[in-house]
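Residues per chain, in single letters:
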Amino acid sequence: MSVLVEKADLSLKYIAHYNKVKELLVKGSPDILNAQRKKAFQDFVMQGIPTNKNEKYKYTNLHPYFLPDFSFIHQREAQKTDPNAIFHCDVPQLDSYVKTTTNGWFNESKTEGDLPEGVILESLEKMMKEQPGLVEKYYAKIAKSNTDAMVALNTAFAKDGYFLYVPKNVVCEQPIQLINFLEAPENSFVTQRNLVILEQGADVKLILCDHTLNLNRYLCNSVTEIFVGENANLDYYTLQNQHNRTTNINSVFVQQERDSVVTSHTSSFHGGLIRNNMEFVLNGENAEANVFGMAFLDKKQHVDNFTQIIHKKPNGQSNQVYKNVLDDEATGAFSGLIHVVRDAQNTNAFQQNNNLLLSDTATMQTKPQLIIDADDVKCSHGATVGQIDEEALFYLRARGINEDKARLMMMNAFMHEVVRKISVEALRDRIDELVERRLNGEVAKCHECAYQCEV
Amino acid sequence: MLKIKNLYASVDGQEILKGINLEIKPGEVHAIMGPNGSGKSTLANVLAGKQEYEVTAGEVTFLGENLLDKAPETRAKDGLFLSFQYPVEIPGVPMANFIKTAVNEHRVHRGEKELTAGQFLKLMREKMELVEMKTKLTNRSVNEGFSGGEKKKNEIFQMAMLEPKLAILDETDSGLDIDALRTVANGVNALKSPETSSIVITHYQRLLDYIVPDFVHILYHGKIVKTAGKELALELEEKGYDWIKSEKGN
Ligand SMILES: Nc1ncnc2c1ncn2[C@@H]1O[C@H](COP(=O)(O)OP(=O)(O)O)[C@@H](O)[C@H]1O
Ligand SMILES: [Mg+2]
Chain P
80 MSVLVEKADL SLKYIAHYNK VKELLVKGSP DILNAQRKKA FQDFVMQGIP
130 TNKNEKYKYT NLHPYFLPDF SFIHQREAQK TDPNAIFHCD VPQLDSYVKT
180 TTNGWFNESK TEGDLPEGVI LESLEKMMKE QPGLVEKYYA KIAKSNTDAM
230 VALNTAFAKD GYFLYVPKNV VCEQPIQLIN FLEAPENSFV TQRNLVILEQ
280 GADVKLILCD HTLNLNRYLC NSVTEIFVGE NANLDYYTLQ NQHNRTTNIN
330 SVFVQQERDS VVTSHTSSFH GGLIRNNMEF VLNGENAEAN VFGMAFLDKK
380 QHVDNFTQII HKKPNGQSNQ VYKNVLDDEA TGAFSGLIHV VRDAQNTNAF
430 QQNNNLLLSD TATMQTKPQL IIDADDVKCS HGATVGQIDE EALFYLRARG
480 INEDKARLMM MNAFMHEVVR KISVEALRDR IDELVERRLN GEVAKCHECA
530 YQCEV
Chain C
1262 MLKIKNLYAS VDGQEILKGI NLEIKPGEVH AIMGPNGSGK STLANVLAGK
1312 QEYEVTAGEV TFLGENLLDK APETRAKDGL FLSFQYPVEI PGVPMANFIK
1362 TAVNEHRVHR GEKELTAGQF LKLMREKMEL VEMKTKLTNR SVNEGFSGGE
1412 KKKNEIFQMA MLEPKLAILD ETDSGLDIDA LRTVANGVNA LKSPETSSIV
1462 ITHYQRLLDY IVPDFVHILY HGKIVKTAGK ELALELEEKG YDWIKSEKGN
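Read top to bottom, the protein sequences are chains P and C.
Plus 79 on top of the position in the first sequence (first one is 1) and you've got my numbering.
Plus 1261 on top of the position in the second sequence (first one is 1) and you've got my numbering.
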């Protein structure tokens, strides 16, 4: 009974906080955001903070992570991260167009280079005020508060984030890089809300880097809605590199129209708790979703990749490959749902999850789930949890390669399949290097990042 | 070069090697023959340092030093090479990367500089030619998708790259057609010198036509039961192993 009270109390804390600051939330915010707040808040009240009693959070109980007393950042603060000293995420030769956010807020900054005509990369708050017509029909349309408590909480607290718009048939040759910083004077709860719109035939590569700049504790609850028009093409890379006192709840909702191709690639290098919710709805015929991820976990890290691919129309294709290397007492989870609705004939859906355990104390949970309502479907899934192949290790050592190096080669080999899916060459090389360093026990950080990965 | 004295080894508590004695001097070629399951691969693996085999008695010195205390990689760098009976596939580890790392580890061990990319490529090309190995194979992951014969060629290619002092060839001939056999044998012979030795484990005389042994040993039930000159191999070819079995009591 006391557990129940505690749980209720915990949600109550957030409910009370909302009631206390609701005027502040509404004040200065665009109508589009405010219009959703109340309903979203009620949805949160109904659902509460998920525990592992919730089927979707079976392997991740969020409660302990919501326990600390966080400060909230409901107002734009004077920018501390020097916008001119633009942080290059240590990705050499990447030559990307860079913008940043701090604690969920988009930073106005001068950026070298230009985006193609009509492409907008801006503050969501600002764009909602300046061009409401462009944003309104997309906001809170695929990220649903009534079925997801974290979306509800995000929508209730939403103030800003980034907004990316790529007009019809515009091809962005240069990758766009968005660096998300966490940097607050005390332990903080951060809400970030993003919106990405690719019109028909648009083509863009987006690279997201998540960093912590000091050692405070953070809980970051971000929601991104992505609309991909007919025949559009999106590469969406996420590099998670936050210290181990960070809880990162990252929910991404993608809706794809016909003939569109989306490739999502998530690299989780560091972070205390990382939960990636990736939902892809193939809403038009002949759409393709490639959903890849890799995570490196040690100490007491926990990474939970939760994917849902919903095939709604015929001739769609989805490929999922997720791989994890787990050491020490790290825990990992992968849940992958493939849902093929009745109309989605001739769907090809493929899912693979492979895990390498380096210690006896690391654990991995993996759960594929297939719901197939169409009859002409090719669907496959496979999961493995294993250790380093001792025979192969011996083979390498018998050629004079020392044990540590041989292990490293084996781990690299294991991840290689996922690394090579990265199509931006400079990024791939960089990630290759980060992987090598991470596996080697070094901190795979981009310079200037503050890590506290001992915790 | 190699001295094995009264070597006993077991795996999973089961004794497999039961008192092996063998001495190999520089420049010598020794053939080890014997029916399946007699412990030939076990001996090779024990020498190479595979952990699952437990040495319960005896000693082995290699170039005057205690071999059994050393890690597999140190044994390799000291100059011991095992051509595996069943080379493993290692998906994701590129051949070139693998062999370059191995060569450089050997060089560093000898106090030499690592090879530059150019020097390495030149060396690799030269040795590939020696065993007639196709370029497409070195562009792949280690042994991945190689045919049985290609795997064996790859072993000899690696041997050529690493230039060991003692090579142990564990059934390198099995699965090879006559042309491949000749190529592999030529590769082995090209590396032969008065300072290097080899142990050739085989079932068949045909390899020994090309790599002529100084001694032939018969390993049976974990013991060397007979040692003679190359004519012993011919005798075995004619009579099979049954006479050994009946002589030694099965
Ligand atoms: N890793 C192992 N685990 C269990 N038994 C083994 C292992 N390796 C070899 N053996 C056993 O040891 C005996 C000798 O095997 P092996 O050395 O491979 O013989 P050979 O190479 O002469 O055919 C066989 O009975 C085999 O089953
Ligand atoms: Mg054998």
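No lab work stands behind these hints: they were computed from the structure.
Virtual Cβ for every residue (Gly too), placed ideally from N, Cα, C.
You may find that some hints are simply not true.
To be verified - When the alpha-carbon atoms are kept at most 20 Å apart in a straight line, the in silico DMTMM-like pairs for lysine to aspartate or glutamate are as follows: (1) K1412(C) with E469(P); (2) K484(P) with E1350(C); (3) K1331(C) with E482(P); (4) K1331(C) with D148(P); (5) K1361(C) with E1315(C).
Said to hold, decoys possible - Not everything, but these chain C residues come out facing chain P in the computed CB check (under 7 Å): (6) A1309; (7) E1334; (8) A1337; (9) L1343; (10) I1351; (11) T1362; (12) A1363; (13) H1367; (14) V1369; (15) G1409; (16) G1410; (17) E1411; (18) K1412; (19) R1443.
Going through the hints against the structure:
This hinted pair checks out: K1412(C) and E469(P) have alpha carbons roughly 19 Å apart, not beyond 20 Å. For the hint pairing K484(P) with E1350(C), the CA-to-CA distance comes to about 18 Å; that is within 20 Å, so the pair holds. Straight-line distance between C-alpha atoms of K1331(C) and E482(P) comes to about 13 Å, which keeps the hinted pair within the 20 Å bound. Distance restraint check for K1331(C) and D148(P): the Cα-Cα separation of roughly 55 Å exceeds the 20 Å cut-off, and the hinted pair is therefore not satisfied.
For the given pair, K1361(C) sits about 31 Å from E1315(C) by alpha-carbon distance, which is inconsistent with the 20 Å threshold. The beta carbon of A1309(C) comes within 5 Å of a beta carbon in chain P, closer than 7 Å, and the hint placing it at the interface holds. Taking 7 Å as the C-beta contact cut-off toward chain P, the hint placing E1334(C) at the interface holds, the least distance being around 5 Å. Look at A1337(C): its Cβ gets to within about 4 Å of chain P, closer than 7 Å, so that hint holds up.
For L1343(C), the interface hint holds, since its Cβ comes within 7 Å of a Cβ in chain P; the closest pair sits about 6 Å apart. The restraint placing I1351(C) at the interface with chain P holds, with a minimum CB-CB distance near 5 Å, inside the 7 Å limit. Interface hint status for T1362(C): upheld, as the beta-carbon distance to the closest one in chain P is roughly 6 Å, under 7 Å. Here the hint on A1363(C) is kept, as its CB sits about 4 Å from the closest CB of chain P, short of 7 Å.
Evaluation of the H1367(C) hint against chain P yields a held restraint, the C-beta minimum of about 5 Å falling below 7 Å. Proximity of V1369(C) to chain P is violated relative to the hint, the smallest CB-CB distance being about 9 Å (cut-off 7 Å). Below 7 Å, beta-carbon pairs count as interface contacts, and G1409(C) has none with chain P, the closest being about 16 Å; its hint is therefore violated. Interface restraint check: G1410(C) against chain P, minimum CB-CB distance 18 Å, threshold 7 Å, status violated.
Below 7 Å, beta-carbon pairs count as interface contacts, and E1411(C) has none with chain P, the closest being about 16 Å; its hint is therefore violated. The closest approach between the C-beta of K1412(C) and any C-beta of chain P is roughly 11 Å, which is over the 7 Å cut-off, so the hint fails. Nearest Cβ of chain P to the Cβ of R1443(C): about 25 Å, over the 7 Å cut. The hint is violated.
In summary, the structure is inconsistent with hints 4, 5, 14, 15, 16, 17, 18 and 19 from the numbered list given earlier, while agreeing with the others.
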